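**Student:** Okay, here's what each chain looks like letter by letter:
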Amino acid sequence: MTATLHAFIVKELRHILRDRQTLTILLLMPLVQVVLFGFALRSDVRDVRLVIVEPQPDYATLALRARMIAGRRFKIVAVTPTMAAVEPLFRRGKADIALAFEPDFASRLESGEHARILLAVDASDPNTGTTMQVYARAVITAYEAELGAQRGRPVHIVPEVRMRFNPTLESVNLFLPGLIALVLTLVSALMTAISLSREKERGTMEILLVSPLRPWQIIVGKVVPYLGLAFANALTALLAARLIFHVPFRGSVTLLLAECLLYSMVSLALGVLVASLTGSQRVAMLVALLVTMLPSSLLSGMVFPIASMPAFLQWVSNIVPARWFIIIARGIMLKGVGLEYLWKETLVLAGMTLLLMTIAVRTFKPRVA
Amino acid sequence: MSQPDVIVENLGKRFGKTEALSGVTFSVSHGELFGLVGPDGAGKTTLFRILTTLSIPDTGTATVLGLDVVRDLWAIRSRVGYMPGRFSLYGDLTVKENLSFFASVFGTTIEKGYDLIAPIYRQIEPFASRRADALSGGMKQKLALSCALVHRPDILFLDEPTTGVDAVSRREFWDQLQTLRASGLTIVVSTPYMDEAMRCDRVALMQGGRILEIDPPAEIGTRYPLPIVSVVGAERYKLLLALREAPHAHSVYPFGAELHFTDDRANLDPSTVAAELREYLISKNFSDIEVKPIEAGIEDSFMELMPPPVQRAS
Amino acid sequence: MTAPARSPATGPAISVNNLTRRFGSFTAVDNISFEVAPGEVFGFLGANGAGKTTAIKMLIGLLAPTSGEARVAGLDIVKQTEDVRRRIGYMSQRFSLYEDLTVLENIALYGGIYGLTNDEIRKRSSTMLQSLGLTDDLVGRLPLGWKQKLAFSVALLHEPAVVFLDEPTGGVDPITRRQFWELIYAAAQRGTTVFVTTHYMDEAEYCDRISIMVDGHIAAIGTPRELKQKWSVLSIDELFVRLARPT
Numbered sequence: 001m002t003a004t005l006h007a008f009i010v011k012e013l014r015h016i017l018r019d020r021q022t023l024t025i026l027l028l029m030p031l032v033q034v035v036l037f038g039f040a041l042r043s044d045v046r047d048v049r050l051v052i053v054e055p056q057p058d059y060a061t062l063a064l065r066a067r068m069i070a071g072r073r074f075k076i077v078a079v080t081p082t083m084a085a086v087e088p089l090f091r092r093g094k095a096d097i098a099l100a101f102e103p104d105f106a107s108r109l110e111s112g113e114h115a116r117i118l119l120a121v122d123a124s125d126p127n128t129g130t131t132m133q134v135y136a137r138a139v140i141t142a143y144e145a146e147l148g149a150q151r152g153r154p155v156h157i158v159p160e161v162r163m164r165f166n167p168t169l170e171s172v173n174l175f176l177p178g179l180i181a182l183v184l185t186l187v188s189a190l191m192t193a194i195s196l197s198r199e200k201e202r203g204t205m206e207i208l209l210v211s212p213l214r215p216w217q218i219i220v221g222k223v224v225p226y227l228g229l230a231f232a233n234a235l236t237a238l239l240a241a242r243l244i245f246h247v248p249f250r251g252s253v254t255l256l257l258a259e260c261l262l263y264s265m266v267s268l269a270l271g272v273l274v275a276s277l278t279g280s281q282r283v284a285m286l287v288a289l290l291v292t293m294l295p296s297s298l299l300s301g302m303v304f305p306i307a308s309m310p311a312f313l314q315w316v317s318n319i320v321p322a323r324w325f326i327i328i329a330r331g332i333m334l335k336g337v338g339l340e341y342l343w344k345e346t347l348v349l350a351g352m353t354l355l356l357m358t359i360a361v362r363t364f365k366p367r368v369a
Numbered sequence: 001m002s003q004p005d006v007i008v009e010n011l012g013k014r015f016g017k018t019e020a021l022s023g024v025t026f027s028v029s030h031g032e033l034f035g036l037v038g039p040d041g042a043g044k045t046t047l048f049r050i051l052t053t054l055s056i057p058d059t060g061t062a063t064v065l066g067l068d069v070v071r072d073l074w075a076i077r078s079r080v081g082y083m084p085g086r087f088s089l090y091g092d093l094t095v096k097e098n099l100s101f102f103a104s105v106f107g108t109t110i111e112k113g114y115d116l117i118a119p120i121y122r123q124i125e126p127f128a129s130r131r132a133d134a135l136s137g138g139m140k141q142k143l144a145l146s147c148a149l150v151h152r153p154d155i156l157f158l159d160e161p162t163t164g165v166d167a168v169s170r171r172e173f174w175d176q177l178q179t180l181r182a183s184g185l186t187i188v189v190s191t192p193y194m195d196e197a198m199r200c201d202r203v204a205l206m207q208g209g210r211i212l213e214i215d216p217p218a219e220i221g222t223r224y225p226l227p228i229v230s231v232v233g234a235e236r237y238k239l240l241l242a243l244r245e246a247p248h249a250h251s252v253y254p255f256g257a258e259l260h261f262t263d264d265r266a267n268l269d270p271s272t273v274a275a276e277l278r279e280y281l282i283s284k285n286f287s288d289i290e291v292k293p294i295e296a297g298i299e300d301s302f303m304e305l306m307p308p309p310v311q312r313a314s
Numbered sequence: 001m002t003a004p005a006r007s008p009a010t011g012p013a014i015s016v017n018n019l020t021r022r023f024g025s026f027t028a029v030d031n032i033s034f035e036v037a038p039g040e041v042f043g044f045l046g047a048n049g050a051g052k053t054t055a056i057k058m059l060i061g062l063l064a065p066t067s068g069e070a071r072v073a074g075l076d077i078v079k080q081t082e083d084v085r086r087r088i089g090y091m092s093q094r095f096s097l098y099e100d101l102t103v104l105e106n107i108a109l110y111g112g113i114y115g116l117t118n119d120e121i122r123k124r125s126s127t128m129l130q131s132l133g134l135t136d137d138l139v140g141r142l143p144l145g146w147k148q149k150l151a152f153s154v155a156l157l158h159e160p161a162v163v164f165l166d167e168p169t170g171g172v173d174p175i176t177r178r179q180f181w182e183l184i185y186a187a188a189q190r191g192t193t194v195f196v197t198t199h200y201m202d203e204a205e206y207c208d209r210i211s212i213m214v215d216g217h218i219a220a221i222g223t224p225r226e227l228k229q230k231w232s233v234l235s236i237d238e239l240f241v242r243l244a245r246p247t
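Protein chains in written order, with my numbering: chain A, 1 to 369; chain B, 1 to 314; chain C, 1 to 247.
One thing to keep in mind: the hints can contain errors.
As the list claims (entries may be wrong) - Only pairs whose alpha carbons sit at most 16 Å apart, straight line, appear in this in silico EDC-like list of lysine to aspartate or glutamate:
{"no.": "1", "chain 1": "C", "residue 1": "K57", "chain 2": "C", "residue 2": "D30"}
{"no.": "2", "chain 1": "C", "residue 1": "K147", "chain 2": "B", "residue 2": "D40"}
{"no.": "3", "chain 1": "B", "residue 1": "K284", "chain 2": "B", "residue 2": "E245"}
{"no.": "4", "chain 1": "A", "residue 1": "K365", "chain 2": "A", "residue 2": "E199"}
{"no.": "5", "chain 1": "A", "residue 1": "K11", "chain 2": "C", "residue 2": "E105"}
{"no.": "6", "chain 1": "A", "residue 1": "K11", "chain 2": "C", "residue 2": "E99"}
{"no.": "7", "chain 1": "A", "residue 1": "K94", "chain 2": "A", "residue 2": "E340"}
{"no.": "8", "chain 1": "A", "residue 1": "K94", "chain 2": "A", "residue 2": "E345"}
{"no.": "9", "chain 1": "A", "residue 1": "K222", "chain 2": "A", "residue 2": "E199"}
{"no.": "10", "chain 1": "C", "residue 1": "K228", "chain 2": "B", "residue 2": "E258"}
{"no.": "11", "chain 1": "B", "residue 1": "K238", "chain 2": "C", "residue 2": "E182"}
{"no.": "12", "chain 1": "B", "residue 1": "K292", "chain 2": "B", "residue 2": "E279"}
{"no.": "13", "chain 1": "A", "residue 1": "K11", "chain 2": "C", "residue 2": "D100"}
{"no.": "14", "chain 1": "B", "residue 1": "K292", "chain 2": "B", "residue 2": "D269"}
{"no.": "15", "chain 1": "B", "residue 1": "K17", "chain 2": "B", "residue 2": "D58"}
{"no.": "16", "chain 1": "C", "residue 1": "K147", "chain 2": "C", "residue 2": "E167"}
{"no.": "17", "chain 1": "C", "residue 1": "K147", "chain 2": "C", "residue 2": "D100"}
{"no.": "18", "chain 1": "C", "residue 1": "K57", "chain 2": "C", "residue 2": "E167"}
{"no.": "19", "chain 1": "A", "residue 1": "K75", "chain 2": "A", "residue 2": "D47"}
{"no.": "20", "chain 1": "B", "residue 1": "K238", "chain 2": "C", "residue 2": "D208"}
{"no.": "21", "chain 1": "B", "residue 1": "K96", "chain 2": "B", "residue 2": "E111"}
Claimed, not checked - Anything over 12 Å on all C-beta distances counts as not near chain B; from chain A, calculated:
{"no.": "22", "residue": "R18"}
{"no.": "23", "residue": "T24"}
{"no.": "24", "residue": "M163"}
To be verified - On the chain A side, residues computed to face chain B include the following (Cβ under 10 Å):
{"no.": "25", "residue": "G203"}
{"no.": "26", "residue": "I207"}
{"no.": "27", "residue": "L208"}
{"no.": "28", "residue": "L209"}
{"no.": "29", "residue": "V210"}
{"no.": "30", "residue": "S211"}
{"no.": "31", "residue": "P212"}
{"no.": "32", "residue": "P366"}
{"no.": "33", "residue": "V368"}
No wet-lab data here; the hints were simulated from the structure. Quick caveat: nothing in here was measured; it's all calculated off a predicted structure. Beta carbons are placed, not taken as given, at the ideal position from N, Cα and C, and that holds for glycine.
For reference, chain A alone in the conformation it holds in the complex (with noise of 0.2 Å):
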């Protein structure tokens, strides 16, 4: 009995070694992934951005200033008088922290009474905002701390925080967005490179090639229906944010369906490119997955942040849509705005459109050897 079953085992062995294609990719991808990984999961924050309001500077202030951006966690991107210009650099996703102070900040610290600090937080990142958040009262405690032991006595500062966007912090708001970007993306890219190199396996393609069709109109043809399908699965998704997770929706709805079905035709395109590059439909479907859903779930900013990421990362995740795509549906979903805060994100997802479906009808080939 043990000789059969080792006989069959050895088999089994031989199988998988002589494989060269499977083998490299099973032993890459978590190789890649756990180097990825290694880099991207940082749930420290740096260069964190930071806009002071400071009605009017003085030596606290200013004290506090320099103390912020001395652990070098926090750079200062703007410095302004008043609140009124903070809401527009969160919106537009300039600023992560607002740091204001009440008028007349150290003579009340002289006099002895409370002195305000607000602290606003951009949380659609829940963990990070309250990372910043958490550095941010950290530094002022140990100002407030080192300033009384200076004069003598106990100096008040009172930080009031508040979270902007996902006051609640539901981690949900943060994932929701990305998970929309990766169901789009498994329906797209998976199924246009399965289906593409199906085709090619049945034999079906040959009868299609020796056609009046051309390589364009095939690729249409494969790619129309499926972008049916995805239109289907965000809308799905998007009542599931709304009705189960009670997603915020504060921007407008038939944008962000129209940022979807865009985002899925750069997937479309991606798909489409993976299967005529690929030969069977068992390889087409471990590339389509390996370029995109790898990056997609680790590199776009989806759980991960991408400030955190070293600096080799973060240009990759340039070219990774669904960065793009989740800081459209966040703006839209939590921020609330409209495209005229995100036309250069639309505007990348549309080129990588053009050009990936270029490529795609460019690399198709009208013969089979």
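Use these hints to put chains B and C onto chain A, whose structure you have.
**Tutor:** Chains B and C only, in chain A's frame:
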């Protein structure tokens, strides 16, 4: 006389280390039913792929309907009917859906092509709403042929249309082909079955990427270089082994109920061979045997012409 | 543990009695009965969809019959399926050997599965390579004809009483096809019963006896000569056409 519909000149194609086609030259006249006969690996599919513009040859040239297969691929693709090997249709679409899809891809409709496909399509029309993968092998074939014809092509390329199908369906299929040919359609068809070669106007024997001989089927046997006789008797295996030991045995092969014995003396009269063999077999204690001279058939010629099978081809 | 010896030549190698198989309302195999003697080369013919494949699957234990019974190598196919499997060999056109393993690795695998000792495997491997004129290589690199001859030899590796061949010679050149049949004859001479299906009607003539299945039942059975006389035809091909008219 107008130009032949297909002209192939010294075609060669290599895949890595394997030479799939080498020095292939032939032509097909308008309205001819031309057969390519050979086993798997002979190069038939590679040749068809080149002629239907799916593949580019490494050496040589080919024209179809006067158009070059490399340069004029789009012009050729709209005028050719193609049936690749192994039933390449959409199993999850119905009979009618498959047909109308292929019609529309060529910018036509089932109605416009109906009179051409009718003799074939009428046999499966009762099953029009059945999914293609639920059809029997013979019906799938008929559907594939209808789909290849519906746009009224000027030439038909059929790659092993009868492989994997039972003898009855095979016969019927060839009946259809002859009807089509009678209507003036040029047909190039490949098959591994030697008996189907008999139904072509001309036949090219193919093996190992090369053409062994091209001739009308009736004439192929006439070029057989050695005398050949048939032997019939009981205890066939023993008979076979004994014949292999006979003097001047060039080759001995079973052929259905008979054994074919080829003598290595080229100019000898077959009746002499038959007489000598009879004596030899009697001396070996075989009784109730029948030995008579025969005309070599296509399969005899094929086996004589083909290079002996080797494990690793050059 | 050595492989079981071939069953002694007493009683038929295969005996089928009122074997039936239904799939829902469709009867694929309709009450067939026949016998095959030991050492016989039996040709099992029929059109696609006539029920051949279903019948074979039952005989090799892959499918249970709806009713009726059958014995292969003296063992009941339903009650003693595992034992039957040890006594038979099987080769089909769709699959026989692993393409990404070498010839010797394939032999070792099947030898291991059927319980041959390493010594026996080694001996039989070298005999096989010699008689086929093969050098060890990845099976995927062998031409089709060699793969088929090898697959047949491997099916005989454990010296089964009955070997089932499902369209073993599809697509090969005519010489290799005949070489294959000489292997079949040699095996039959050694006492192995060979149960073979084929689409080549000339191969039907190579068999000792043949049967033709039409629509789930056996329409003709006997030696090729008998059948040709009985139906007044010149070839089995003609007989087949006459019987297997499409429904």
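**Student:** Quick one, are K94 of chain A and E345 of chain A close enough, alpha carbons at most 16 Å?
**Tutor:** holds (14 Å)
**Student:** For R18 of chain A, is the shortest CB-to-CB distance to chain B above 12 Å, so the non-interface label stands?
**Tutor:** holds (18 Å)
**Student:** Is the interface hint satisfied for P212 of chain A? The criterion is a beta-carbon contact with chain B at less than 10 Å.
**Tutor:** holds (5 Å)
**Student:** Between K228 of chain C and E258 of chain B, does the CA-CA distance stay at or below 16 Å?
**Tutor:** It holds: about 14 Å lies between the C-alpha atoms, which stays within 16 Å.
**Student:** Tell me if G203 of chain A is really an interface residue toward chain B, meaning its C-beta lies closer than 10 Å to one of theirs.
**Tutor:** With Cβ-Cβ at 4 Å, under 10 Å, it holds.
**Student:** Tell me if the straight-line CA distance from K292 of chain B to D269 of chain B falls inside 16 Å.
**Tutor:** holds (12 Å)
**Student:** The hint names V368 of chain A as touching chain B; please verify it with the least Cβ-Cβ distance against 10 Å.
**Tutor:** holds (4 Å)
**Student:** With a cut-off of 16 Å on the C-alpha distance, tell me whether K11 of chain A and E99 of chain C pass.
**Tutor:** holds (11 Å)
**Student:** K11 of chain A and D100 of chain C were given as a pair; does the straight-line alpha-carbon distance stay at or below 16 Å?
**Tutor:** The given pair, whose Cα atoms are some 10 Å apart, holds under the 16 Å limit.
**Student:** Let's test the interface hint: is any C-beta of chain B closer than 10 Å to that of P366 of chain A?
**Tutor:** holds (7 Å)
**Student:** For the pair we were handed, K284 of chain B and E245 of chain B, check the Cα-Cα distance against 16 Å.
**Tutor:** Cα-Cα ~11 Å, so holds.
**Student:** With a cut-off of 16 Å on the C-alpha distance, tell me whether K147 of chain C and D40 of chain B pass.
**Tutor:** holds (13 Å)
Violated hints for the displayed structure: none, as all numbered hints are satisfied.
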